[in-house]
Amino acid sequence: MLPIENYLLLSLLLFTIGVIGVLTRRNVIVMLMSIELILNAVNINLVAFSRYWGSVDGQIFAIFVITDAAAEAAVGLGIILAFFRNRETVLADEMDMLRW
Amino acid sequence: MLNAALFYFFAALAVVSAIAMVTRRNIVHAAVFLITALLATAGIFLQLQAQFLFVVQIILYVGGIMVLFIFVIMLVNLDVSLHLVQFNRQRFVAGVLAVILGVQVLGAFWVGRGSLKLGAARAMEPKNTEAVGQALFQQYMLPFEIASILLLVAMIGAVVMAKRRV
Amino acid sequence: MNAPLPFFLDHIWLVPAFPLLTAAVMLFGRRLKNSVVSVLCVGSVCLSFLCSAGAFFQLLSLPVDNRVASKHLFDWIPAIPYHMVSGSLAYFHADWGFQVDPLSGVMILIVTGVGLLIHFYSIGYMGHEGGYYRFFGYMNLFMFSMLMLVLGNNLMLMFVGWEGVGTCSYLLIGFYFHRKSASDAGKKAFIVNRIGDAGFLLGIFLTSAVLGTIHFNEIRPALDAGHFHSGDPLITAIALLFFVGACGKSAQIPLYVWLPDAMEGPTPVSALIHAATMVTAGVYMVTRTNAIYQLAPTAMAVVAVIGAATAIYAASMGIVQNDIKKVLAYSTISQLGYMFLACGVGAFTAGIFHLMTHAFFKGLLFLAAGSVIHALSGEQDMRKMGALAKKIPATYWTMLIATLAIAGIFPFAGFLSKDLILGKAYEKDFWLWAIGYFTAGMTAFYMFRLVFMTFHGQSRVDHEVEHHIHESPKTMLIPLVVLAALSITGGWVSWPEILGGNSRFIHFLEPVIAVPHEARVEAAKGVSSHGGELLLMLLSEGLVVLGILLAWYIYIKRTELAEKAAKGFGGFYDLVFHKYYVDELYDALFVNRAKDLGLALGSFDTNVIDGLGVNGAAWLTRFISRLSIWWDTWIVDGSVKLGARIVWLLSYPVRLIQDGLVQSYMLLIVIGLVGVLAYYFHLAHSAVR
Amino acid sequence: MNYLNSPFFHTYVLPVLYGAIIVAVLPLLAGYIVLVERKVMADMQARLGPMRVGPHGLLQPIADALKLLIKEDIIPEKADRFLFWMAPVLSVGMALLAYAAIPFGPVFQVADLNVGLLFILAISSLGIYGIVLGGWASNSHYSLLGALRSAAQLVSYETAAGLGIVSALVWAGSLSMKAIVQAQYDRGIWFIAYVPVGFFIYLVGSIAETNRAPFDLPEAESELVAGYMTEYSGFRWALYFLGEYANMVVVAAVATTLFLGGWLRPFVRYHDHFPGTSIELLDILPTLLFLGAAAYCLRLTPRQPVKIQKMVMAAVAGLCVILAGVMLAALFAPPGVMAGIHGAFWFLAKVGAYIYAFLWFRFTFPRYRFDQLMRLGWRFLIPLALINVIGAATAIVLSEQWGLHPLPAALITSAATLGVAVWLASDGAKAPTTTAETAGGGD
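Chains as they are written, first to last, in our numbering: chain A, 1 to 100; chain B, 101 to 266; chain C, 267 to 955; chain D, 956 to 1398.
Next comes chain A alone, as it looks inside the complex (with noise of 0.2 Å):
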């Protein structure tokens, strides 16, 4: 059976990989996709650990954060249509209204 250090460095990798698309991206389309990888990447740590404690509470845990997951994509990119249907634009470096 494979150590469970190969599904952490995956998820990390993951994970960075994900972190570093929510913050250098300017699609907030994209931004919100790397959050949908980041939430991937927990739920390989959370399915491996509970692959690797043989009980399927790490699998609810992760069933939960896929419901997340899609309440939060729904609210986003309802936010994103109604932004774009006032602004015209999608990118998260012109979405500063709340400055000061």
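Just so you know, these hints were derived from the structure itself, not from any lab. Where hints are given, some of them may not hold.
Straight-line C-alpha distance at most 20 Å; calculated EDC-like pairs for lysine to aspartate or glutamate [said to hold, decoys possible]: (1) K227/B <-> D1067/D; (2) K263/B <-> E72/A; (3) K657/C <-> E737/C; (4) K1133/D <-> E230/B; (5) K263/B <-> E88/A; (6) K656/C <-> E732/C; (7) K650/C <-> D728/C; (8) K657/C <-> D728/C; (9) K861/C <-> D871/C; (10) K263/B <-> D1326/D; (11) K227/B <-> D57/A.
Fit chains B, C and D to the supplied structure of chain A, relying on the hints for placement.
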């Protein structure tokens, strides 16, 4: 042997497509690569004998959320956005910081390497779906309900947000 | 007068109240119809006439030694303490009080009576004019002012009336304000009157300074108490100052110039204001203050000389005038000269007597002339008249009666009053009498010249005017008839003793006149020479008849003689015809100088006051405000902005963080996370060691 | 023979073999489904349909396939080549992948996942990407709108269809296809009898999922030319076509498995044998059917105008006779083989019937308007499906806790659900059509 091969295949696929997703200029391509990454993740779940989660991952993530993403992308897609700079001003700092963060987590693994004594994985009981269902509807009933309420609220919020005249 | 006064004397204030009321109503007269206006105004004057008549007869009912009714309405100037010339303390106080004595009684009768007739006449005369309500409003206001002047029991109140009549005169002369000549004439009258008023006002001040009072009934006691001997310079000064005012109001040399121009006003105005009542205010005032004059022989002499000079001077100008109203105006001036002559020789009562009769016949003359003008639809030049006797008989006969009266034919009113004056003058001084005597002849001449040129000879009327010559309406004829009757009989109230009468009017006025001791001696002496007086009468009659015949010979028998005469006199004629160039002289001497002064003052105002003062102040203010603007902008605001700028600069790093970009916030989160992990590693490392 | 029983053979060889068979047969199957569709359409419209290529146009599919294969392959200039290439492959690939879990018979199944049903649903849900990405990649407004429409439509009706499936699942109690069929065998009745409403919901949902009339909005010719396929031509277009028909087969297979008893023959609990043999009476049915078909063809043969047609028709009759012989022979084969062959026959027969229903609907019902489609999906089908699931659960509780016989319990709950359906229909009729805007924000 086959198990390891599957894992490495899926892992490589996931990492590569994730990198591609972050770097692609075309949003639709990025979405496609994310789908690939998610599918690879699903494969890893399968390889971890979490069949139910494997299916849920595909149905919910790939079949639901990503469809929604592509949907919105097609609604808001602007050809001009293809020719814009895809990365913001803080890209270098941010990249470096993210890498530092990853390295730190890695260091955390390294520091805690001794404490992770799992030994060999115990065999999951074959009826994975039933097990998940049992746990979900008995042990984790309340979180389940809360999650359902969360979904309801999210749905209403999304509808209100996306309505023509907010 | 602790005994309760009878009604009309007690409510004497009613007399001026009625005209004032209607005058006030006339402010809104534009809305009223002419009929309403006539009823209101004439009715008010009629009421005040009835009141004054009642007051007069109740005055007669009072005992002779105390025929004075004073009515105090309310205090005007309560009491201002000051030091008189004599150094003793006095209180200057004036109140709204009315004093009815024989003098003012007669005056209010004349004013309201003649005024009533002239108002009545105006209904017909002004019927077709615009501003009907305006005319009657002014007229009523004038009535009020004149009655205030007459009834006032102190100099201040009299001065109020004095100014009031001046204002009304100005307003009525300029009634046709759209004619420049009319408005100019109004201004001229007003300005010339100002000179006299200034003198009068100074006189009032000096009076209060010297005598400590301005109430008529207190003047004589003050004089007696002050032990002023006759010819006291202060008293003389007062008298002269008063006389200046009288000259202004009554058109005596040198201030007569406004009266001829005043003929620009409507004829009823000329009749009422510039013949019957207002112009006689000077005579009334001199008579009212006779106590002062009798202590100033010099002033009396001045009054007499000026009166006589004015009489003959105006008469000479009246001879050559062609405008019918101008002739009457000069004759008015000359008659006023008669009155002042009387006053000057101490015959105040004779002056008042002549004032009354003059009011009758001169009012009648003006009204008749107005009727003529009305008949000729506005023609005033006598050279365009003639042979009107048949066409407008009523006007002709009344005019003839008035002319006889002014010419002094026995037994018309003018004869009695004028001969009384001449007699007194003869008693005083021969030359004064000679001037008056000669003037009487000239008067007869130019008056009959007027009559002949207007009513006899062949007609010189323009043809388009010719065929609608018409007799005036009843409303105009009735006053003519009434005044004609008065012109005949008005003088009989004082039938001279010499003709078997008892001059009741004179004696009735006696109490008003303060008769100094020597004067009473004179009177006793004068009674002796009846023969002389009778002779004087015959002489004047003869001269008058001669004048009439001369006028008939020149203007009826041989008309060409008029031009011949004009040619013959040559330069002198021109001189007289141009009124001795007095207007031009005054223009050169005073008017233009005043204008220059005005211009000088104007330029001073523009350059010095406005330029230097106002604009300079404005410039200075602007300059200072510039400074303060600079201060505000650079120092005050500058400091504020500097503070803001400093804060802005200091807040720069914080603002860098708060750029509102979600990704930078995420970056901060990551930084914090990295920091925390670094700290964790530090702990772990130390734990290991 | 020993080798045939080895686990290696069963674990690796057989699945690959089955997969190869499916991939090889499926295009042919799709082509002949098209032919059948055209024939049925012609029949319903009182026409003949394709008659030229081969007798009664029997060779038409081959000709079409050849034509499509040799046609010029056009890629629009502004198109996104990568996705343009990937989309059709994706749709076909996903369709084929779904076959992996479909049991064509007790033995004829690639892989029996214990989440087989969910697997199929997941894979078929991935089929959306084929459409959406293709529509977007071809960079055309018609394509994009079609793609958006189909995305909205598929997402909406997947939910309804999935809930319809759940109502059957609660009776089956397993996600494995085999287990589901086994459950129906054990109960001795098809689940369509227990959850008719669920079957109806799945029927409608599956039609919508396969973009078939009356729900073929994404490729509505009158509105969008050809929808997401507008820019496609030739081979890629053929791939889309293939994927569509493959999907039809998939949904038909799922419906068969869940509601129609899979490979089970009718009356599975009737076990009378031919006297003296172990052959059950009803197992003779397939043979009889084929013989009847052969007789029908023979009767038609003399009426054929052309000689060659007579010959072909005779040949068809002969084929039917051969198949009948095969069925008959199977009766005497070992039970495994026999069950496999007969199961495949019944399964394919049921699938054919289901697809025939599809064709029937297509030629019967007019096309929906988009907002009507959305209203139907969101305001009628989904609530009804939820109620239906509750009803099914209630029926199970009634039967298992209270000992009621399952059939009446299911009938009661189904009746109640139908009442709700009527109420919902009337309500949905009255309701304003704002749901379309919310769900199908694409157009």
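For a quick check of understanding: which of the numbered hints are violated here, in increasing order? none
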